[in-house]
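A.B. asks: The listed protein sequences correspond, in order, to chains E and R. Be aware that the first sequence starts at 1, since it is given in this note's numbering, and climbs by one per residue. Be aware that the second sequence starts at 1, since it is given in this note's numbering, and climbs by one per residue.
Quick caveat, the hints were computed from the structure, so don't treat them as lab data. Heads up, a few of these hints could be off.
To give a feel for the contact side, a few chain E residues facing chain R, derived at Cβ under 7 Å [claimed, not checked]:
#1 R30
#2 Q31
#3 L36
#4 F38
#5 I337
#6 Q338
#7 R341
#8 S410
With beta-carbon atoms standing in for the labels, derived distance ranges [stated by the list, open to error]:
#9 E:V59 / R:E263: 28 to 36 Å
#10 E:L531 / R:K270: 54 to 62 Å
#11 R:E263 / E:A539: 53 to 61 Å
Yeah, the Cβ is synthetic: ideal placement off N, Cα and C, and Gly gets one too.
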Amino acid sequence: MTFLAPIFWLLSALAVPVVILYLVRQKPLRQRVSTLIFWRMGQRAFSENSRWRKVRNWVSLLLQLLFLFLLIAALTRPVWPGASALSKPVVMVLDGSASLAASVNGGNRRDLIVEKAVSFVDSLPSGSEAALWVSGPEPVLLSGWTDSRTELKNLIRGYATSDFAVDPGATLESARELADSRKAGVVFFTDSVWKGPLEPDLLGGVDLVRVEGPQTNAGIDLFAARRSPVLPGEVSVLLQVVSNTAGNVRLTISREGELVDAREIALEAGIPATWERTFRDPGAFNLSANVEGLSGDVLAVDDAETLSIPPMPALQTVLVSAPDLYLESALNAVPGIQVERIWPAGAMRFGDPAKLWVFRGFVPPPDFQGKGLVLIQPEENGFFGGIDGKLESAYATELISDSFLLANLSLSGFRTGEAIVYKPAPGSENFVATAEIPLVFGEWPREVGPSWLVFAFDPSDSDLVTKAAFPIMVTNLVQSLRGDPFETFRAAGASRELTLLSPQAKDLPGAKYQTAAIALPTHSLWWWLVLAGCLWLLAEWWTFQRRITE
Amino acid sequence: MINDPEQLFDSETLRTFESAGLLARRLVRGRLRADRRSFTRGVSVEFAEYRPFVNGDDIRALDWNAFARWRQLVLKLFVEEEDLHVYFLLDCSASMEWGSPSKFDLARRVLAGLAWISLANLDRAAFIPLGRSSEERVPPLRGRNLFQKILASLAACRPVEGPVSLQEQTRAWLATSPRKGLVIFLGDLFGKGRGDALGAIERIRHSGHELGVIQILDPAELEPPAFGEYELQDCETGEIRQVVVDQSRVLEFQLESREFLEEIDGISKKFGVPCLRTGNTAPLRSVLSSVLAWQ
Chain E
1 MTFLAPIFWL
11 LSALAVPVVI
21 LYLVRQKPLR
31 QRVSTLIFWR
41 MGQRAFSENS
51 RWRKVRNWVS
61 LLLQLLFLFL
71 LIAALTRPVW
81 PGASALSKPV
91 VMVLDGSASL
101 AASVNGGNRR
111 DLIVEKAVSF
121 VDSLPSGSEA
131 ALWVSGPEPV
141 LLSGWTDSRT
151 ELKNLIRGYA
161 TSDFAVDPGA
171 TLESARELAD
181 SRKAGVVFFT
191 DSVWKGPLEP
201 DLLGGVDLVR
211 VEGPQTNAGI
221 DLFAARRSPV
231 LPGEVSVLLQ
241 VVSNTAGNVR
251 LTISREGELV
261 DAREIALEAG
271 IPATWERTFR
281 DPGAFNLSAN
291 VEGLSGDVLA
301 VDDAETLSIP
311 PMPALQTVLV
321 SAPDLYLESA
331 LNAVPGIQVE
341 RIWPAGAMRF
351 GDPAKLWVFR
361 GFVPPPDFQG
371 KGLVLIQPEE
381 NGFFGGIDGK
391 LESAYATELI
401 SDSFLLANLS
411 LSGFRTGEAI
421 VYKPAPGSEN
431 FVATAEIPLV
441 FGEWPREVGP
451 SWLVFAFDPS
461 DSDLVTKAAF
471 PIMVTNLVQS
481 LRGDPFETFR
491 AAGASRELTL
501 LSPQAKDLPG
511 AKYQTAAIAL
521 PTHSLWWWLV
531 LAGCLWLLAE
541 WWTFQRRITE
Chain R
1 MINDPEQLFD
11 SETLRTFESA
21 GLLARRLVRG
31 RLRADRRSFT
41 RGVSVEFAEY
51 RPFVNGDDIR
61 ALDWNAFARW
71 RQLVLKLFVE
81 EEDLHVYFLL
91 DCSASMEWGS
101 PSKFDLARRV
111 LAGLAWISLA
121 NLDRAAFIPL
131 GRSSEERVPP
141 LRGRNLFQKI
151 LASLAACRPV
161 EGPVSLQEQT
171 RAWLATSPRK
181 GLVIFLGDLF
191 GKGRGDALGA
201 IERIRHSGHE
211 LGVIQILDPA
221 ELEPPAFGEY
231 ELQDCETGEI
241 RQVVVDQSRV
251 LEFQLESREF
261 LEEIDGISKK
271 FGVPCLRTGN
281 TAPLRSVLSS
291 VLAWQ
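The shape of chain E in the complex, shown without the other chains:
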């Protein structure tokens, strides 16, 4: 048997004054009184067995010494043979997932983690080193190797959990690498609710200290919105509520604080209930959702979410052309766009990288800046390619692209006016063609530099302008320059994946659950002995105070 804190054996010196206190006889104060008739009760109280009175002090002394020994033994923390694994360094990993906010007995799971981790630090042998990680969205090293228990405990008490489900895999990997450098053990304090199952290898040889198991929870699993790529200003909102037990919840949706919808939702265990709504607003607005009413719901962090939807980005368009009624009308019809027209185009040299440029007949220089360049029947060769002839008229027969530019429309069958035959530059794509002769081609979108598009015909000279597809195509063209048309806006709490609060390490092989080596001392026999010893000392002191010196 070894002792983790042998320094406490110094307390054995306390036995000396204890013995002296019992050996030294205190002489009571003699006092004359006029009568003893009022002290009759006192006389009865001390008429006790004289034999017991003789040995009482010695028994008392022996018991005091015994409990002093137990107290010292408990403080020195003996470790039985085979249970000395704690003498090696240890890497502690604290779970930082949002599920730790689940309430438990007036506190939450994080409090339990902190309590257990602090107790674990207290149980570390004197002088042993430990490091501390927290598994957040990114692994966080709270403390490198240190033998300062105070520092460790302060860090443990102050550590913060994330608002999201956390995959502790990366943190465990880092912790194990750190542990391998010193042949240390790894102890993972967790509630076993993670973002997806862990690789079994990650938990191999890791001591798990687990807190509260499954509990009831209902919450918002998904709250997201997306602006329509086709209809400017239209926003589709999707919300999912899920519970790990069947029950009814009340869902309320507010927009800028004003109630939009409120309804009772009957949930089945593990099956999400969805709520969808379309809004038309090109500006920014906030939606908030709240779920309440499920009995026993222990996790509040996923009961309320706020979704911020940014405004639709404005796009400034410059039409470099002689007056063109059709083009101007088509561009102006698109919401959220500002159109200006410049003519003549001779002075155009540099452009503006934030703007959409539409050139009619004019060919901008190769380094012209713009978010998008649309060239209608350029009359010279340029970066886009070269002129290879002319067509009297043509029917669009081929739509050879599944580009977003041509989404939701059909350009087949329209008839162009006089068209120019171009030989597209390498890398460009034919969007519309007739007999393999490109009618609309270009690089749209383009990773580097402005996207560009060439119309081999004049739309206003074709019957395209009379077709419904034309404004859709113009809208697609404009919308495609407003950023990712499929960008989804999620609430901060989206993808928390906490709603089930189900432990995922239950049957993982390799993980040890609260092994003897890390048994926490909270309910250890030694600590009960400490408690009993302290109580005995108090009782004995009380008796000592009342004793009659004989």
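Guided by the hints, dock chain R onto chain E, whose structure is given.
C.D. replies: Using the frame of chain E, we list chain R on its own:
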């Protein structure tokens, strides 16, 4: 303890109470006519009652006016005024020496004052020191000129070393068949045991005497000592008792002392025995005034 008679009772106090009367509440018998009314019908000016004339009656006592009115011979009886025997029983146990000034000193001064008042009102005053020998007793005296004798006895009186049984001492005095009168018992009533003083009071009461009790206590006697271990020694018996004074002991002490005092008060109320409880530092004039207020 004061040994000088002049200090025991100064002349100014004597003059103050000279005119005051000490009256018993009941009629008592006496040898000489005095200011007290007696059961005996006598020759005073105070009318008592009529009684039919029988043979042998003194015809001088016939009320002729009544005969003229009722045509019947009746005797007119008057209240006989007799002197009162006042017995002062002083507890001379060692516990009376307690306090500063001692309870014994105050008791002797009160006794002297009351004796002076008695003598000034033509009553007889006797002094019986309980615990002392019978030779030290002063028999019933009449006349102010004998007050000095009482004072001298009081000044010479000392508390007894050793236990004194008040009940036994009272029994011994009552065995001398003193004439019925007023008994003033002065002491702390601690006695040899808890019921000793009460037994003495009972004996006096049953013997037909009028009784008044003056209990003199040192307030410190009713206060327990500070917490700690003590060997308490009874100043009378010398008995030593080991006591650990803690909160529970203090409560027990207070309960015992309260019960003791309540016991005395109970007897006082139950049998109409006037009882005055006073501290050893109380002014003499105040104590005497309180005693006179009994009537």
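A.B. asks: So which hints don't hold here, by number, going up?
C.D. replies: 5, 6, 7, 8, 9 and 11
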